[in-house]
Each structure stands twice: as C-alpha cells, then as structure tokens.
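Asks: Sequence:
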Amino acid sequence: MTVLDWHAERSGLHDIALLDRAPENEGIDLAAVRLYRQGRVRSEMSARGIDALILSDAINIRYATGTRNMQVFTARNAPSRYLLLTADRSILFEFTGAEHLGAGYETVDEVRPAKTASFVAAGPDNAARERAWAREMADLLAELLGRGTATVGLERLNAGTAIALAESGLRIVDAQEPVEMARAIKSDEEMKCVRASLRATEHGVAELRAAIRPGLTEAELWSVLHGAIIARNGDYIETRLLNAGPRTNPWFQEAGPNVIGPNQIIALDTDVVGCHGYYADFSRSFHSGPDTPSDTQRRLYRTAHEQVSHNMSILRPGMSFRDYADAAWDIPEEYYTNRYYLSAHGCGMSGEYPYLYHHGDFPDAGYDGEILPGMTLCVESFIGAEGGGEGVKLEQQLLITETGTELLSQFPFETALLQ
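Taking the working numbering as reference, the numbering of the sequence shown is continuous, increasing by one, and the terminal residue is 419.
These aren't lab readings, by the way, just hints derived from the structure by calculation.
Where hints are given, some of them may not hold.
Pairs of lysine to any residue, SDA-like flavour, derived with a Cα cap of 25 Å [stated by the list, open to error]: (1) Lys115 x Asp174; (2) Lys115 x Ala162; (3) Lys115 x Ile163.
Using the sequences provided together with the hints, build the complete structure.
Replies: This is how it looks when you write it as structure tokens:
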C-alpha cells in the first residue's frame with residue numbers, strides 16, 4: 001500500500017471525495033458535474049490542436065478535476081500545485097504533504113507531489129530549479145504523447161519556468177482561451193451547484209441586511225456575510241466590496257473602519273466563491289435608517305434598477321456581443337463617468353468570459369461573440385454622479401436558456417428605495 005492509498009483509506013476518500021460532502025449536495029450528481037467539466041476542457045483543447053494543458057490557477061484546477069486545496073494560498077504561490085491534462089490522462093501535482101486530497105476523484109488518474117519552482121522555495125538556486133522542472137515536465141509529456149514535440153497550454157507560471165519549457169522544444173500557447181470557453185457553458189447538473197451557492201449566499205445577505213445599523217463599521221457589517229458564508233460551507237469572498245455613505249461613490253472602495261452613519265446608502269457586491277466553488281455574484285444597496293430614504297437616494301436606486309432591468313430584458317440566445325451593446329440601456333450623462341466598467345459578464349466558478357461592454361466602450365474595449373444557452377451572466381449597474389454624494393450598486397445573475405433567460409439571484413430589491 002502506498003502512502004497515498006493509506007491516506008485515502010484512512011480518510012474514506014476511496015468511497016467519495018469528502019471536500020464537497022455537505023447538506024447542499026442533496027440531489028446533485030457531483031461526479032457527473034466533474035466529468036462534464038473535464039470533458040468540456042478536453043473538447044476545447046482538441047478544437048485548438050492543444051496536446052496538453054498545465055493548469056496552475058486554483059479555480060481552473062478545481063473546474064477540471066473537482067479538487068481543491070488552499071485556493072487563496074496556491075493562487076499566489078504558483079506553481080505549488082498544478083495539473084497536467086492531456087486527451088486521455090489527468091495527473092495532479094499536489095502540494096507537498098497533501099497528495100491524499102486528490103484521491104477518490106474519477107477525474108484524476110494519478111497524484112504526484114508538486115515541485116515548486118519559485119524564488120521563495122528555492123532561493124538563489126531557483127533558475128536551476130526552473131530548468132529541472134521544465135526538463136521533467138517535457139520528459140513526462142514525451143512519455144505520455146509518444147513524441148518530443150507538442151503544443152502545450154500554460155497559465156500562471158513563473159517567467160523562467162515558462163521560458164525553460166519553451167526552450168525544451170515544446171510549442172507554448174496560452175491556456176486561458178480553451179479553459180474559459182469550456183467554463184462558459186454550464187450543464188443542467190452544474191446549474192444545481194450554482195443555485196445551491198446562490199441560496200446559501202442569499203441567506204448570508206439576509207443576515208447582513210438584518211444587522212445593518214448606524215454605528216457599525218463597514219468591516220463589522222461585511223464580516224456578518226463572511227461568517228454566514230463559511231458557516232454554510234462556502235469557500236471565501238473574493239473582494240471586500242461593501243461601503244457606506246460618501247464611500248459608495250465612486251465604486252470599488254473596499255470595506256474598512258468607516259463608521260456607518262444614519263440614513264446612508266450601503267452598497268454591497270457579494271463576490272462569493274460559495275458552495276461547490278461556484279460564484280454567487282449579485283449586488284444590492286440598502287438604507288441604514290432610521291428615517292426613510294431621501295428623494296435623491298430613491299432616484300439613484302430607481303435609475304440603477306432601470307438599467308439592470310432593461311439590460312436583462314434584451315438578452316437572448318444567439319445575440320452577438322455587439323448587438324447587445326447597441327441595444328443596452330443608455331447611461332445618462334450625469335452618471336456616465338462613474339459607470340461600472342462592464343455592462344455584464346460571465347459567471348461560473350468566478351467572474352469569467354464573456355465580458356459585455358457598454359455601447360460607448362465597445363469600440364475600444366469590446367469584442368464580438370455570441371450569447372449561448374448555458375451561459376450564466378451577471379448584469380451590472382453602478383449609478384453615482386461624478387463629484388456627487390452617494391451611489392447605488394445593483395446586479396442580477398441569470399442563466400441563458402434555449403428560449404430566453406432565467407433569473408438566478410432571488411434576493412429582493414428594497415421597496416423603500418424603489419418607491
């Protein structure tokens with residue numbers, strides 16, 4: 001019995017991958033989810049003539065295999081954990097001492113210890129470590145593929161490692177395109193994971209909303225959501241986008257020690273990597289009380305709600321990104337400068353392809369493509385005047401179906417702000 005087999009037997013991982021065993025699994029065939037996702041990646045590799053992918057992004061490894069391990073840590077410390085995926089082989093190189101975490105997955109053929117090639121791990125000998133890492137990977141690819149030449153997709157490796165791998169005779173391409181295109185289309189079983197994550201996150205937002213009162217700091221209020229997400233077996237929150245009063249405008253100011261005052265707008269973007277690693281991404285704005293919202297606050301809120309509602313109403317399968325931009329809501333000049341940088345974006349295990357841009361931004365930033373059934377999109381709005389007071393952030397998550405759209409995020413809007 002190998003050390004890996006001993007760990008797997010001791011922890012029960014031969015029976016099931018335990019990391020996703022939780023009440024929200026009821027009615028979800030997680031093996032089918034994992035196999036579908038890995039099949040999607042392999043299909044996109046084949047379509048582009050890519051023989052192998054070396055994935056080091058924690059979310060992409062989870063997408064392609066279902067395995068997870070210290071996602072935030074390994075996102076920064078690459079390559080401390082990575083996946084080699086070919087048309088018929090999946091080898092997970094797991095963080096030292098954690099090889100047992102990859103056992104029991106039908107999407108992983110073999111687990112090996114990772115060899116970290118970074119200055120932190122190797123110090124001044126890192127260049128030699130990078131060359132050795134590249135040689136070993138090139139030799140393994142030649143063994144698996146039966147030839148020394150191959151097209152290999154890479155992501156998030158140290159520059160020296162990537163250069164050394166290219167010098168070994170391999171043709172190096174970017175792994176992002178095939179993986180993003182794979183992730184863009186969700187299966188019906190995968191959507192059950194998305195809904196489970198959203199429902200758990202909505203519970204957390206309800207707890208946050210109930211905790212709102214003047215005198216709390218933004219960080220104290222934000223921690224309510226964080227605690228609720230972790231308690232429901234979510235992973236983490238990707239940003240700290242909660243702020244109050246004047247700090248709501250412009251957007252992207254992170255939660256901090258600012259004290260929430262009376263009768264202020266509080267704006268939240270969830271950005272939750274929740275149950276099963278799926279992104280629950282919707283935005284809401286609240287009023288701190290104790291009085292009723294002002295006319296200005298209501299006008300901001302109604303304007304943001306109008307933008308989100310209009311842009312959701314025009315989405316349909318088969319629509320081009322360019323046609324969406326042309327038909328999207330016209331942002332009033334008063335709010336144009338501080339507009340949200342996107343009109344909508346893809347959403348799966350994080351924010352992902354595609355990005356849908358505003359009409360005015362399309363000539364410089366936009367690209368064309370097709371909105372397809374199985375895509376999940378988040379429709380965005382931020383409304384706040386340049387140099388003005390408060391701003392309002394709203395966002396809805398939805399699924400593109402064969403015939404139209406299905407609203408996924410169900411947390412209610414604020415009646416007092418819509419009146």
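Asks: Would you mind marking each hint as holding or not holding in the structure?
Replies: Going down the list of hints, with the structure as the test:
1. Lys115 x Asp174: holds (22 Å)
2. Lys115 x Ala162: holds (15 Å)
3. Lys115 x Ile163: Holds. Lys115 to Ile163 sits at ~17 Å (cutoff 25 Å).
Of the numbered hints given earlier, the model fails none.
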